[in-house]
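> Chains A and B are the protein sequences, given in the same order. Residue numbers for the first sequence, in the numbering used here: 1 to 114. Residue numbers for the second sequence, in the numbering used here: 115 to 226.
Since the hints were made in silico from the structure, they are not lab data. Do not rely on the hints blindly, as some may be mistaken.
If you anchor each label on the Cβ, the simulated ranges turn out as follows [what the hints assert, rightly or not]: (1) Ala10/A - Asp176/B: 25 to 33 Å; (2) Gly177/B - Val44/A: 23 to 31 Å; (3) Thr191/B - Pro114/A: 27 to 35 Å; (4) Gly154/B - Thr64/A: 21 to 29 Å; (5) Leu153/B - Glu55/A: 27 to 35 Å; (6) Pro197/B - Ser68/A: 40 to 48 Å; (7) Gly154/B - Arg80/A: 40 to 48 Å.
Quick list of in silico lysine to any residue cross-link-like pairs, SDA-like style, CA-CA up to 20 Å [claimed, not checked]: (8) Lys70/A - Gln37/A; (9) Lys69/A - Gln109/A; (10) Lys56/A - Glu211/B; (11) Lys171/B - Ala93/A; (12) Lys26/A - Glu211/B; (13) Lys171/B - Met133/B; (14) Lys56/A - Leu155/B; (15) Lys26/A - Ala93/A; (16) Lys56/A - Tyr213/B; (17) Lys26/A - Met133/B.
Owing to the predicted nature of the structure, the values given are computational and were not obtained by experimental measurement. Virtual Cβ for every residue (Gly too), placed ideally from N, Cα, C.
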Amino acid sequence: SQQGEEDPQALSIQEGENATMNCSYKTSINNLQWYRQNSGRGLVHLILIRSNEREKHSGRLRVTLDTSKKSSSLLITASRAADTASYFCATDANRGSTLGRLYFGRGTQLTVWP
Amino acid sequence: IAGITQAPTSQILAAGRRMTLRCTQDMRHNAMYWYRQDLGLGLRLIHYSNTAGTTGKGEVPDGYSVSRANTDDFPLTLASAVPSQTSVYFCASISEETYEQYFGPGTRLTVT
């Protein structure tokens, strides 16, 4: 399977601290995406990084991609209680007929304490 | 409506019964997906559709069927529900411009 795997499974921090989550995958990819899921809700897209990119920023989010190590990291700076959610990485290794098929990891549960 | 809607929000279903989960999008996206989410297993793809009139099998298709009669609707049917199909089901579509997937709010299904 080329499913992404997040690490750690759970992360608990104080408001204002930075949160770093990692993702490893097994096969070559076209892009890697990070999604957020609040409890009881659907997933929301956060950021996409293409295989030829090494780093990408969006607000307080910073994503890195190391294709040689088949790994990615998501950094949330100056975390807030509202960042409490599950975070998933998803890999797109689409080669062929399935447009945009993503393989999701099991997620990291982030808890930010006020 | 804006984005993707799913119905019902939740359902308790007796084993052996037939059930259709509805999904509708208003973004005119060509490709759509059905996932199931189980604790500890993340999201797994059940079926997908690249465009109206076509469908394909995902990672865990057994016991499920889909149809795509038009661009907006992508229903998922359980012909004869079993307890192992207890899960949260998410419908999604993809923007061909950004490759971002948009998810519905999910249907929580319990098969007893």
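> Would you mind marking each hint as holding or not holding in the structure?
Status of each hint after checking the structure:
1. Ala10/A and Asp176/B have their C-beta atoms about 31 Å apart, which keeps the hinted 25 to 33 Å range intact.
2. About 28 Å separates the C-beta atoms of Gly177/B and Val44/A, a value consistent with the hinted range of 23 to 31 Å.
3. With their beta carbons about 44 Å apart, Thr191/B and Pro114/A fall outside the hinted range of 27 to 35 Å.
4. Gly154/B and Thr64/A have their C-beta atoms about 27 Å apart, which keeps the hinted 21 to 29 Å range intact.
5. Taken as a hint, the range 27 to 35 Å holds for the pair Leu153/B and Glu55/A, whose Cβ atoms sit roughly 33 Å apart.
6. Checked against the given bound of 40 to 48 Å, the beta carbons of Pro197/B and Ser68/A, roughly 44 Å apart, stay inside it.
7. The given range of 40 to 48 Å is broken by Gly154/B and Arg80/A, whose C-beta atoms sit roughly 27 Å from each other.
8. A threshold of 20 Å between alpha carbons decides the hint, and for Lys70/A with Gln37/A the separation of about 24 Å lies outside it, so the pair is violated.
9. In summary, the hint linking Lys69/A to Gln109/A is not supported, as the alpha carbons are separated by about 23 Å, beyond the 20 Å threshold.
10. Distance hint between Lys56/A and Glu211/B is fulfilled; the C-alpha atoms sit about 18 Å from each other, no more than 20 Å.
11. A hinted pair counts as satisfied when its Cα atoms are at most 20 Å apart, and Lys171/B with Ala93/A qualifies at roughly 16 Å.
12. Restraint check: the Cα-Cα separation between Lys26/A and Glu211/B comes to about 26 Å, which exceeds 20 Å; the hinted pair is violated.
13. Restraint check: the Cα-Cα separation between Lys171/B and Met133/B comes to about 19 Å, which is no more than 20 Å; the hinted pair holds.
14. The suggested pairing of Lys56/A with Leu155/B is violated, with an alpha-carbon distance near 28 Å, which exceeds 20 Å.
15. Straight-line distance between C-alpha atoms of Lys26/A and Ala93/A comes to about 10 Å, which keeps the hinted pair within the 20 Å bound.
16. Using a Cα cut-off of 20 Å, the hinted pair Lys56/A and Tyr213/B holds, with the two alpha carbons roughly 16 Å apart.
17. Restraint check: the Cα-Cα separation between Lys26/A and Met133/B comes to about 36 Å, which exceeds 20 Å; the hinted pair is violated.
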